[in-house]
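The task is simple: from the sequences and hints, build the whole structure.
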Amino acid sequence: MNTSHPSSPIDPAAPQTVARPTRTRRVLRGLLFCVCLAASLLALFFAVENWRGRKAWQEYRKEATARGVVLDYKDLIPPPIPDADNFAMTPFFTALFDFEPGTQKLRDPVKTRDGWSFLPEFLKEIPRDDQEKLRSVVSEQRQKRMNGDWQKARPRDFVAIYLLHQLDKDDQARSAADFKPEDLDAKQAASAFLDNYRIFEDLFEELRSAARRTGSRYPIRYEEENPAGILLPHLAVLKSLTQVLSYRASASLVAGKSDQALADVALAMRLSDSLTTERTLIAYLVRIAMINLVVQPAWEGLADRRWTDAQLVQLMEIFGRPKPFAEMKYALDGERGFGNALIELMRRRPELY
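All residue numbers for the sequence shown refer to this note's numbering, where the first residue is 1 and numbers rise by one.
Certain hints may be false.
Here are the simulated DSS-like pairs of lysine-lysine, each with C-alpha atoms no more than 25 Å apart in a straight line [stated by the list, open to error]:
{"id": "1", "residue 1": "Lys329", "residue 2": "Lys239"}
{"id": "2", "residue 1": "Lys239", "residue 2": "Lys323"}
{"id": "3", "residue 1": "Lys105", "residue 2": "Lys74"}
{"id": "4", "residue 1": "Lys187", "residue 2": "Lys152"}
{"id": "5", "residue 1": "Lys152", "residue 2": "Lys329"}
{"id": "6", "residue 1": "Lys257", "residue 2": "Lys239"}
{"id": "7", "residue 1": "Lys74", "residue 2": "Lys329"}
{"id": "8", "residue 1": "Lys152", "residue 2": "Lys239"}
{"id": "9", "residue 1": "Lys74", "residue 2": "Lys62"}
{"id": "10", "residue 1": "Lys329", "residue 2": "Lys62"}
{"id": "11", "residue 1": "Lys239", "residue 2": "Lys105"}
{"id": "12", "residue 1": "Lys257", "residue 2": "Lys187"}
{"id": "13", "residue 1": "Lys74", "residue 2": "Lys55"}
Distance windows between CB atoms, simulated [said to hold, decoys possible]:
{"id": "14", "residue 1": "Glu223", "residue 2": "Ala95", "range": "36 to 46 Å"}
{"id": "15", "residue 1": "Phe200", "residue 2": "Pro79", "range": "41 to 51 Å"}
{"id": "16", "residue 1": "Lys152", "residue 2": "Thr65", "range": "44 to 54 Å"}
Simulated from the structure, these hints should not be mistaken for laboratory data.
Note that the coordinates shown come from a computational prediction; the quantities given were computed from them, not determined experimentally.
Glycine included, C-beta positions come from ideal geometry on N, C-alpha and C.
Set out below in structure tokens:
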């Protein structure tokens, strides 16, 4: 006998019980909605701002271009100059840019570096041992005059420079007693300085010959994709050359050779003039520093009345060429173009940064 109860059929008309979401699920669902809403609003904000920025930039470009403002980096690159008219295309300067084809890697770094690392020792930092020796024979006041400072009415002291040069001679064991500044004549010390640095004469003759060329454009690789990666190896070399010429001019004045001094001043200023076509702020600042170096011997000649009337006329012409404010604007306009190109590169290839 089957005592089991038959299953009761389900009445479809009977009300069904629906499981309600727990409070935690409701909170999570609300948070998810808020996060999605915030992300959508943020994306919308950036989309609108990008559109507004792009529209404002296009309007500015149109207005600035109408005023003659150049914003594109490639339009600011100095035009090529024939080698025969280009001061920068001398063997000395072209060696600084002797790169492997399509790169900024020097073919022979050691040879290139040795070709211009000629800065005289007395222009470098004085070693501690030599400082102690120098203090024993040269007063602190004379040491300050070694480099001179025309802004403080301080001429260069070639007696102190001569003593330091003697200290650099390692082939002789010299003591403080060997140096007697009172026995040295400034004119003799200046002449000795000129004799010691005749090694630059061939180089300066090469540059004087090239100075007759009317234009100047260094073979800088402006075609590099990254404007910030363009190498400018000539700037440090130009400043070093100007330092040497400035000291030579000062020494020539003390030695009574004003014609030679004027020639060195003129060449140094020609070196600084060679940077006027460049559109970078660093080139402009180096040019200003070079001019400041050249002013030193010019001022010394004025203070000691060593220039002739004809030489003063030439100096007025030489120092009348720089136009610092116009050149600064020229450089800053170039920096703006470089900056625009760099921002565009970062936008196009963010992986580089």
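Here is how each hint holds up against the structure:
no. : hint                       : result
1   : Lys329 - Lys239            : holds (22 Å)
2   : Lys239 - Lys323            : holds (19 Å)
3   : Lys105 - Lys74             : holds (22 Å)
4   : Lys187 - Lys152            : holds (22 Å)
5   : Lys152 - Lys329            : violated (29 Å)
6   : Lys257 - Lys239            : holds (24 Å)
7   : Lys74 - Lys329             : holds (18 Å)
8   : Lys152 - Lys239            : holds (22 Å)
9   : Lys74 - Lys62              : holds (18 Å)
10  : Lys329 - Lys62             : holds (21 Å)
11  : Lys239 - Lys105            : holds (23 Å)
12  : Lys257 - Lys187            : holds (11 Å)
13  : Lys74 - Lys55              : holds (23 Å)
14  : Glu223 - Ala95: 36 to 46 Å : violated (20 Å)
15  : Phe200 - Pro79: 41 to 51 Å : violated (32 Å)
16  : Lys152 - Thr65: 44 to 54 Å : holds (47 Å)
Of the numbered hints stated above, those contradicted by the structure are hints 5, 14, 15, listed in ascending order.
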